[in-house]
Amino acid sequence: MCGILGYFRKTTATDHQLGATMLSMLQALGRRGPDSAGVALVGPAHRAAYIVRVQAGDELEMTKHAIAANRQAIQSFAGTLDGASDLSANGLYVRFVLAGQLDLPALTAAIESLGEGIEVLSIGHAMELAKEVGTPNLLESKHHISAFAGSHGIGHTRLCTESIVDLSHSQPFWGRGAADVAIVHNGHITNYHQLRRKYEQRGVRFVTENDSEVLAVYLAESLNRGATLHQSLDGVLRDMDGAFSCLAVTATEMGFVKDPYAFKPLVVAETDEFVAVATEEIAIRSAIPGDYKVSEAQVEEVRVWSR
Amino acid sequence: MVEIADVGIDAAALSTREINAMIRSGLQGGATEISIKNPNARHNLAVALLQAGRVRFQGSVGYYCGGLIDGAEIQVEGSAGWGLAESMKDGHVIVQEGAGNGAAAAIRGGTVVIYGDAAARLGVSMKGGVVLVGGDCGYMAGFMGQKGTLVVCGNTGHAFADSMYATTCYVGGTVGNLGTDAVVEPLAPEEAEMLDRLLAEHLPPAVRAEKPAGRDFTKVVSGRKLWNFDKHNWKAWQDAL
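Residue numbers (the working numbering), protein chains in the order written: chain A, 1 to 307; chain B, 308 to 548.
Please keep in mind that the hints were generated in silico from the structure rather than gathered at the bench. Note that CB positions come from ideal geometry on N, CA and C, so glycine has one too. This list has only true hints and no planted wrong ones.
Facing chain B, a subset of chain A residues (Cβ under 8 Å, in silico):
| id | residue |
| --- | --- |
| 1 | Arg285 |
| 2 | Lys293 |
| 3 | Glu296 |
With the hints as constraints, model all of the structure from the sequences given.
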């Protein structure tokens, strides 16, 4: 199971309903994935700065005291950085904005070395990632995603069929090392171990045992090499085996790729105003009123929308 | 005979079980038509109806709509999700837009008409009945079909009519590629007439007008090479999906 969804506003870069629309879609797909819920939302770009979101730990695996210590360490570290501003903490999360040109892998490694269980969730000029173990309503109560204004985003509700249920293994996954890149995935990547071994031999660090993470690693590497999102999603078809309906965002694009066997559902609605993609039509109909057509994506289909 | 008024149901505030119970009791009560507002692409609507009667959804339906029915006529004024009319025994299911994967899978009889496109695995393992798609169909349509007629007015995806027993397929557009043991056979004049009649009967005139004439369809049937194991034809077995 699992539910994935994406929404892309064509007419404006700042849709004040983006978060509310995404939340309605997530709620409709909640039954497909009761284990966790998450979103990667793309808002107005901080052109000269990065938004950094860090997870201080996981309530299922750590004591409150250890998480609080991690949170303190991250906040202190952020305070020492030149150009850091807007520092805030919310539950397990610490968020800050960092001006200037950054070496993303070095910054990520520095933050994650501050304490056991610390994980950088996302870094980007415009994208923010939030996820929680539990329902879309819990995600909303902790992060108020419905108030988020922006242009596009992707979301996920998880029914865990491999690895474990915890915050780290929840989706979306950030394309670590690439600004503003995230994926959500419904399915299984059956050559995951082979691909992971290949990446690890080259020094790439995986932070979970979730096979979907390899899609984020793959897209981040491909985009960092200079490939377009469309080329990168075409590459997924070439290099990944298994069942996948996968949605991805960059700062300016949203796209999907569907496997060669149509193992996993994915439907698309497109009008002059918006594009909505979801595992089930009910997610689109529940969230977006009006008259529009919804159709199933074809096997091996790759589509990208950009602004 | 007493004319029984149409029954109207607003699905918005009802559970799926309540909606289906109301459809069933309406048909049993002799309603001429049950119309359902706000189906909102919900799953499992109008499943396992065992009596005749008309059911009209004023919007899209989700998974398995019209599955396991015997005799009802279901009209969907929108699109349908996976497993439309799956394992239907008899009946008439019409979808005005597109249908998701596995539409008309394993039907034993009746007619499934989709004005728009059908996604992957259309009419797999059909055991009878007629499937008519106005648009294109996706990957692997007709796989292991045992009987019945599968008509696609547009183009098909790849692995079309793979490993069939004895479904007869007709394609108005281009066959993406033929599946294992699928072969093209000449179209007889009476089959062209049958297709013209079928399209005229089931598609609205404006939709019919855009579709190819019966004589322009390509007929695809089983080559029957996989019916019995043949060690000299080992390659075909290796390639079979």
